[in-house]
Amino acid sequence: MMDRVTLGEITMSRIVYGMWRLGDDDNTSAGHVQAKVEACLAQGITTMDQADIYGGYGAEAMFGAALKAAPGLRDQIEIVTKCDVVAPVGKYADKRVAHYDTSAGHILASVDSSLKNMNIGVIDLLLIHRPDPLMDHVDTGQCLDALVASGKVRAVGTSNFRPWDWNLLQSAMTTKLATNQIEASVLHNAPFTNGDVAFHQQRGQPIMAWSPLAGGVLFGEKGTDVRVVLERIGAAYGVGADAVAVAWLLRHPARFLPVMGTNNLNRIKGLSGALKVTLDQQDWYEIYTAALGHGVP
Amino acid sequence: MMDRVTLGEITMSRIVYGMWRLGDDDNTSAGHVQAKVEACLAQGITTMDQADIYGGYGAEAMFGAALKAAPGLRDQIEIVTKCDVVAPVGKYADKRVAHYDTSAGHILASVDSSLKNMNIGVIDLLLIHRPDPLMDHVDTGQCLDALVASGKVRAVGTSNFRPWDWNLLQSAMTTKLATNQIEASVLHNAPFTNGDVAFHQQRGQPIMAWSPLAGGVLFGEKGTDVRVVLERIGAAYGVGADAVAVAWLLRHPARFLPVMGTNNLNRIKGLSGALKVTLDQQDWYEIYTAALGHGVP
Amino acid sequence: MMDRVTLGEITMSRIVYGMWRLGDDDNTSAGHVQAKVEACLAQGITTMDQADIYGGYGAEAMFGAALKAAPGLRDQIEIVTKCDVVAPVGKYADKRVAHYDTSAGHILASVDSSLKNMNIGVIDLLLIHRPDPLMDHVDTGQCLDALVASGKVRAVGTSNFRPWDWNLLQSAMTTKLATNQIEASVLHNAPFTNGDVAFHQQRGQPIMAWSPLAGGVLFGEKGTDVRVVLERIGAAYGVGADAVAVAWLLRHPARFLPVMGTNNLNRIKGLSGALKVTLDQQDWYEIYTAALGHGVP
Chain A
1 MMDRVTLGEI TMSRIVYGMW RLGDDDNTSA GHVQAKVEAC LAQGITTMDQ ADIYGGYGAE
61 AMFGAALKAA PGLRDQIEIV TKCDVVAPVG KYADKRVAHY DTSAGHILAS VDSSLKNMNI
121 GVIDLLLIHR PDPLMDHVDT GQCLDALVAS GKVRAVGTSN FRPWDWNLLQ SAMTTKLATN
181 QIEASVLHNA PFTNGDVAFH QQRGQPIMAW SPLAGGVLFG EKGTDVRVVL ERIGAAYGVG
241 ADAVAVAWLL RHPARFLPVM GTNNLNRIKG LSGALKVTLD QQDWYEIYTA ALGHGVP
Chain B
1 MMDRVTLGEI TMSRIVYGMW RLGDDDNTSA GHVQAKVEAC LAQGITTMDQ ADIYGGYGAE
61 AMFGAALKAA PGLRDQIEIV TKCDVVAPVG KYADKRVAHY DTSAGHILAS VDSSLKNMNI
121 GVIDLLLIHR PDPLMDHVDT GQCLDALVAS GKVRAVGTSN FRPWDWNLLQ SAMTTKLATN
181 QIEASVLHNA PFTNGDVAFH QQRGQPIMAW SPLAGGVLFG EKGTDVRVVL ERIGAAYGVG
241 ADAVAVAWLL RHPARFLPVM GTNNLNRIKG LSGALKVTLD QQDWYEIYTA ALGHGVP
Chain C
1 MMDRVTLGEI TMSRIVYGMW RLGDDDNTSA GHVQAKVEAC LAQGITTMDQ ADIYGGYGAE
61 AMFGAALKAA PGLRDQIEIV TKCDVVAPVG KYADKRVAHY DTSAGHILAS VDSSLKNMNI
121 GVIDLLLIHR PDPLMDHVDT GQCLDALVAS GKVRAVGTSN FRPWDWNLLQ SAMTTKLATN
181 QIEASVLHNA PFTNGDVAFH QQRGQPIMAW SPLAGGVLFG EKGTDVRVVL ERIGAAYGVG
241 ADAVAVAWLL RHPARFLPVM GTNNLNRIKG LSGALKVTLD QQDWYEIYTA ALGHGVP
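Chains as they are written, first to last, in this note's numbering: chain A, 1 to 297; chain B, 1 to 297; chain C, 1 to 297.
Calculated from the structure, these hints are not laboratory results.
Check each hint, because a few of them may be wrong.
[Claimed, not checked] Coverage of chain A stretches by chain B, computed from C-beta distances (three or more under 8 Å per stretch; other residues unrestricted):
no., region
1, 77-83
2, 129-136
3, 174-184
[Claimed, not checked] Not everything, but these chain B residues come out facing chain C in the computed CB check (under 10 Å):
no., residue
4, V5
5, E9
6, R74
7, D75
8, H99
9, P131
10, P133
11, L279
Backbone N, C-alpha and C fix where the C-beta goes; we use that ideal spot for every residue, glycine too.
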């Protein structure tokens, strides 16, 4: 049984299925998306990670078609989605420049659009996708509070926020921000020493991790040194380097929720492989120092 | 009518006239300085930004001569000045090294000197000019509190402080620091993401911005890409790139007070041109991403 | 009489004798170590800085032999030691990788080992040697609290912690962390502006400084510009560049406790030379700007 993590009002599965490439699949039919979600559920992966912008503002609707076709699915899962990135594609093709929009007007419209796209009545967790250097924190914060009060959203959080961005937004809210989804992996390990992880760990806030496999870098030239260590450790458990890289995050006491995304049904069936791996401290540091390229001082 | 901004005990005009080059003018007569100030007042620019060190410790006296010659001027304006930079020129020509002095003795002497130089009875806002790595925060903080209590200074603040410098000094004071004057502009935009702006925005403290035109870089080779965008936007309002660059700061919810300095009387008459410009989010991001040299992720 | 500094429950001498090279001496006999300690005591240097790892996990025992041979010594001194660095040498030769271990189990075992090695009943100050990116702050914090409660350790602190590391650990403790031992010197001066010194200064926590002579760099090619200034100032006091470099730290209001380590008995006798030197602000800035390589702005 997969661990579940409580974030304020909601609980999520320890491993999250990421849908940012849903639109890249050759088969984007409702039935195929449903098969992916069911492959997740079979492992206890109940949390689905979306964003308005995924698939050029199209991935939510693909997911929504599956939810409509299989009405029993919605109640078995938690749905995360995001807003504030406005790029000149899809419904925003007429925009002049990619930008972030954290105005109440934009967020409210984006939430309504996400609900409609996904054929759902409530978003379990809404994240502000990117820190907006032009954010009016009072406007944004009050809007997020109002969304929770309205029942359209059960919990709210952020993505890619640094501690000061989080403090600024939180200062204008009564709802507690539930989580921050940041890039974190063996190869993107600066957050483990620059205060970003420490900030949330101190406050007891689980951290969602995007690109837990470093966006594939782990499997290229640059990832060789680390991959060798990951593979050696994985061999003892009968899993691959990818599972060990995820286990490296799971081992951390801050409680990471890795967001794993793949369109390959067989790989989806193996997403929980990381849970078979229990790293000891030395394993963790062998992987870490291989990634640093030098030992710790 | 120009916006006014409240900073604790005082109010200032949204645009501030900076006198750091007063001594560079061919004409430093009382009458000419008075003409500059009156050109500001005609637009609602009532706040004058000085520092003991401007003009090699000479600019305050030039300003003071104008205030003496035109006794009605003082009550129409707010006077900001600064202290703690000790450079081996002018009255400090005998010093061995440029340094910062935040000792109570130095600050008190500097304030008395500034009052005398400018022929005034009170400084509206006194800023510590640079963070002093040797600052004894208790000594400095108690001195600033005492200056406010004495009536020689109506409000106190800092300049070029990072959040930790501000917290250190504020921790030893009962008076609330009113503002931080930092370098901020389209081209010097790191403060918008590194937490410096977020820090003051969260605390409701307006930020004074020096070099809002990036010290002229905007008008050289390196500023070309941004200038093209600024000029295009400005054309719609009948203003130049400089006005749009200032409008870019004014658009931010943290409430920036740009400090504009020029000795050219015609340019002074145009300083409030930025107020004619209302940037929308996309304008702001077009300018921002031109300055970054790449789009936002 | 040498200044003494209070850190919560304990007091320490302003200058601390560092034993990290005790094992590098040709003579590591109990008698010779005793002679070193007595040379310190003769100057009022009563605080001895150790770590489990010094001398490849051997330096504590060398010190312990001296304490056993001269039973009167223990009560005249304060003993600082550290734990959490596990390197594959000495008793840890079987470890696979150098790492940090801040688990309660490791810390408790390390403290018992340190007590036994040094033939003492209590450690005056125990420091976590390096921030552990895998730290479970609740486990570590409760362990440190328990150690103080048990009487095995009189005070606890950290080493090489950044402000966020400190906040994380402190948040899980009832005991107040007493100090942070960081690298700080004329040449390693970033902590004076990056918030690390400001953090502890604001909280009234004295800072222990390791490598106050920049690990010898001051006396090589790269240290020439600074050394010239240090020597010029030292000449007026009849002391060397090293004493002035230490005086530069002592001059700072944050209250630095420099940790001085040398095996040369004559040099030990001169360790308090820095106390003869009183730097004025300009001296301090002449040294600082020589180290920066440019004047302050």
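* Asked: What are the numbers of the hints that this structure violates, sorted from low to high?
  -> 1, 3, 4, 5, 6, 7 and 11
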